[in-house]
Amino acid sequence: MMEVGSWLWKISYMLHVISNAAFFGISLVFTFADEKILKEEVVKKYLKISSIFVFFTGATGILLLSILSMNGMDDLTNNPIGQSALFMILGYTIVLFVFSLALIYKGGEARIYKKLFGIMFFSYLFVYLVRVYLTT
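Under the working numbering, the first residue of the sequence shown carries the number 1, and numbering increases by one thereafter.
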């Protein structure tokens, strides 16, 4: 019989990875998009869709950290998995800040949206490269 913690871990990790990948893909598309795609109406629609993925990423990340701390990983600075989790929290905070700036931006200029999505995309990319380095 499967333990509740492992079942909860697998489901939340699966949702975390899917929501991360979806947001990473949307930010990739808008980072390298042309002027036709970067119209304010299109960007605002995809920002609303992305907000669902950002919410699930944060919520499942908190749940995963809670499960890690319940299983004895209280000090995240002593091991590579904990260090990568702390680095992911830092990256998520940066992405959340830039995402909120993109949500409240009313100018409609394509170059500003492109820069905001670029910051989110490259910060996620950097976080995952560091995470791979720390955990392998």
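Any given hint might turn out to be false.
Label pairs and their in silico Cβ distance ranges [claimed, not checked]:
#, residue 1, residue 2, range
1, Asp75, Glu41, 45 to 51 Å
2, Asn79, Ile49, 19 to 25 Å
3, Lys44, Asn79, 25 to 31 Å
4, Ala59, Leu86, 17 to 23 Å
5, Glu109, Asn78, 18 to 24 Å
6, Val132, Trp9, 17 to 23 Å
7, Ile18, Gly118, 31 to 37 Å
8, Met70, Phe97, 25 to 31 Å
9, Glu41, Ile81, 26 to 32 Å
10, Ser6, Asp75, 21 to 27 Å
11, Tyr13, Leu129, 30 to 36 Å
12, Thr135, Val29, 25 to 31 Å
13, Ile81, Gly108, 22 to 28 Å
FYI, nobody ran anything at the bench for these hints, they're computed from the structure. Even glycine gets a Cβ: it sits at the ideal position worked out from N, Cα and C.
Hints, one by one, checked against the model:
1. Here the CB-CB span from Asp75 to Glu41 is close to 48 Å, well matched to the stated 45 to 51 Å.
2. Remark: the range hint 19 to 25 Å for Asn79 to Ile49 is contradicted by a beta-carbon distance near 36 Å.
3. In this structure the supplied range 25 to 31 Å is violated for Lys44 paired with Asn79, their Cβ-Cβ distance being about 41 Å.
4. Range check, Ala59 to Leu86: about 18 Å between beta-carbon atoms, so the 17 to 23 Å window is met.
5. Between Glu109 and Asn78 the beta carbon distance is about 46 Å. The supplied range of 18 to 24 Å is therefore violated.
6. A beta carbon spacing of about 20 Å between Val132 and Trp9 agrees with the range 17 to 23 Å that was offered as a hint.
7. Range check, Ile18 to Gly118: Cβ separation about 23 Å, and the 31 to 37 Å hint is violated.
8. Separation of Met70 from Phe97 is about 29 Å and conforms to the stated range, judged on CB atoms against 25 to 31 Å.
9. Range check, Glu41 to Ile81: about 42 Å between beta-carbon atoms, so the 26 to 32 Å window is missed.
10. Between Ser6 and Asp75 the beta carbons are some 22 Å apart, a value that agrees with the proposed interval 21 to 27 Å.
11. Between Tyr13 and Leu129 the C-beta distance comes to about 20 Å, which lies outside the given range of 30 to 36 Å.
12. The hinted window of 25 to 31 Å between Thr135 and Val29 holds, with their beta carbons roughly 27 Å apart.
13. Taking 22 to 28 Å as the suggested C-beta distance range, the pair Ile81 and Gly108 does not conform, at roughly 42 Å.
In this structure, the hints that do not hold are numbers 2, 3, 5, 7, 9, 11, 13, in rising order.
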